[in-house]
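Number of protein chains: 2
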Amino acid sequence: MTPATTRQVVLVARPEDVPRPEHFEIRQARVPDLAEGQLLVRNDYLSVDPAMRGWVSPVANYAEPVAIGQVLRSFAVGEVLASRHPDHQPGDVVMGMFGWTEHAVVDATTVWRTLTETDLPRSLSLGVLGLNGLTAWAGVHRVLRPRPGSTVVVSTAAGAVGSVVGQLAADLGARTVGIAGGPTKATRCVQEFGYDVGLDYRAPDFPDQLAEATPEGVDHYFDNTSGPVTDAVMARLAPHSSVLVCGTAAITSWDPWPTGPRTERIILTRRARIEGFLAFDHLDALPEAVTDLADKIRTGQLAHREHVLHGLDQAPGAIAMLYDGSNDGKLVIQLR
Amino acid sequence: MTPATTRQVVLVARPEDVPRPEHFEIRQARVPDLAEGQLLVRNDYLSVDPAMRGWVSPVANYAEPVAIGQVLRSFAVGEVLASRHPDHQPGDVVMGMFGWTEHAVVDATTVWRTLTETDLPRSLSLGVLGLNGLTAWAGVHRVLRPRPGSTVVVSTAAGAVGSVVGQLAADLGARTVGIAGGPTKATRCVQEFGYDVGLDYRAPDFPDQLAEATPEGVDHYFDNTSGPVTDAVMARLAPHSSVLVCGTAAITSWDPWPTGPRTERIILTRRARIEGFLAFDHLDALPEAVTDLADKIRTGQLAHREHVLHGLDQAPGAIAMLYDGSNDGKLVIQLR
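Protein sequences, first through last, are from chains A and B. Mapping of the first sequence onto the UniProt record's numbering: position 27 corresponds to residue 27, and the numbering continues sequentially without gaps. Mapping of the second sequence onto the UniProt record's numbering: position 247 corresponds to residue 247, and the numbering continues sequentially without gaps.
Everything hinted at is true.
Covered, in the sense of this in silico footprint (three residues per stretch, anywhere, with C-beta under 8 Å from a C-beta of chain B), are these stretches of chain A:
#: 1; segment: 216–230
#: 2; segment: 242–253
#: 3; segment: 259–265
In short, the hints are calculated from the structure, not lab data. All residues carry an ideal CB built from backbone N, CA and C; glycine is no exception.
Starting from the given sequences, assemble the full structure and let the hints guide the process.
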């Protein structure tokens, strides 16, 4: 059952901005023997997340960069084929940081959780029931905490995180305004993800549309983009508003460091609070978040969307899709 | 005892950036009769505060702008000459929003407090025992809350607010780094206000000096300036750091709106919290702050410095002194 070799995606060049196919190579590697405390996992799905850009970036970040020659760090979900750790048995379905590889020999510490929602597709553990869901859930319930009637604005609102943010904020009684790229995604914000308003930031009069959609200002902003979208939202912040900075998807390069309108005067006069957010700081919320989100999926209260690529050969080009907007839901790579 | 007329400083033109003498006129005005609930105050000292720039600014701000033809809004301290309010008696010394006028007829609601620290100079109620002291006290104790051993950086560190921030943070066991304009003020940060390090932001190698002074990064930043000083400090933020935005003294004009390095990536990767601060939101802390700060003054634990101008004729040029750095301590205008 244990294969002798496996196929892996290895980092061969450090990208200066968005990782593209030329930064990776697919290699055949030997599957090592299990040491004490290790598992052999056969990955079913690999995750494609914006955070991976940071993991291969030369710019200082919150995680050690992946070294040249290493398998790309990533979330994955799959089945335990062999285990030398008492908490994990062959046949368990586990989700964790197993990397872009068909088979992974990993320490048990890389496991985030063993799936219990056996009635739901495994791939969801990489998205709405994984890092994306946790990000949205903790961002809404622990940081922004919108009150009923407040106005919540979300950038990349039709994306894997944003689509959940909007629905959770609406559940709390907030008025939600989703911002996405293009009319299709803007419409999807309203029709599929329940936003009160969906705005296309590529529209020439986007700032005016935003002003019209937020007549009393913006109480909470869940920011996945930085850039001009964020500048437009910042200008509309209401007194005592809060901003969660979760991603900077609109900035393709930080060298040279980009400039933008100074925010200090807005922060001061609105007494706004801006906060950096990393889901890894909220791992303790994962069980509660997964339980809550899975229940909402079962009862049809939580819409979500997946974009599935097929086979490891699709992986090297996948991260760039997150930045040109060509993915159409949470991006995963199905291996079997 | 009640004069028939009084001299006042009136706004006659709206400044686009820093208010200067040409925006004001000194006029003689009739002292009106007291209505029910009003007091006649003879001002002893007028305050000169950076906030006053906002009060006359055409840019949206947290307070209604002073209208053309009105007496300039300001803090002042003086003696009650006549009262039609039961809480105030002739002879009381009161501090409040009485404006740049020799005599003021005001509603009792404009009184911030009746002075009880009769052993200390009245003028202190406009600075270290007034808005400046409250700003520093609430900023340190309610917002930044530095832990022992953490690194606290303060801009305009030798100023009326910054000098108190540094001393209160040091009292809590923090390492304090003060940033001021010119070698004299940088030295004063250390010798007079007890900072561990004093830096002159005009030094050509200021960013290197800042890096050397904050080897483990910046845990808390009390920002009074915005601009290049703030950009240098932001680049040194430590994980889970916090920034209090209290003023933007380095920006002389917001039209056109100035640009600077984007902060979203720093906020995100450091999971920093940036918060706008207005002392007016913390008026409930005034009694506790004044008691604490007055005690520290009496026991010699809290250094403070005043710069006194003499006579109402000095007032129109006083606000600009805050922006060219020519004041040398909390700026007040003594009227008698």
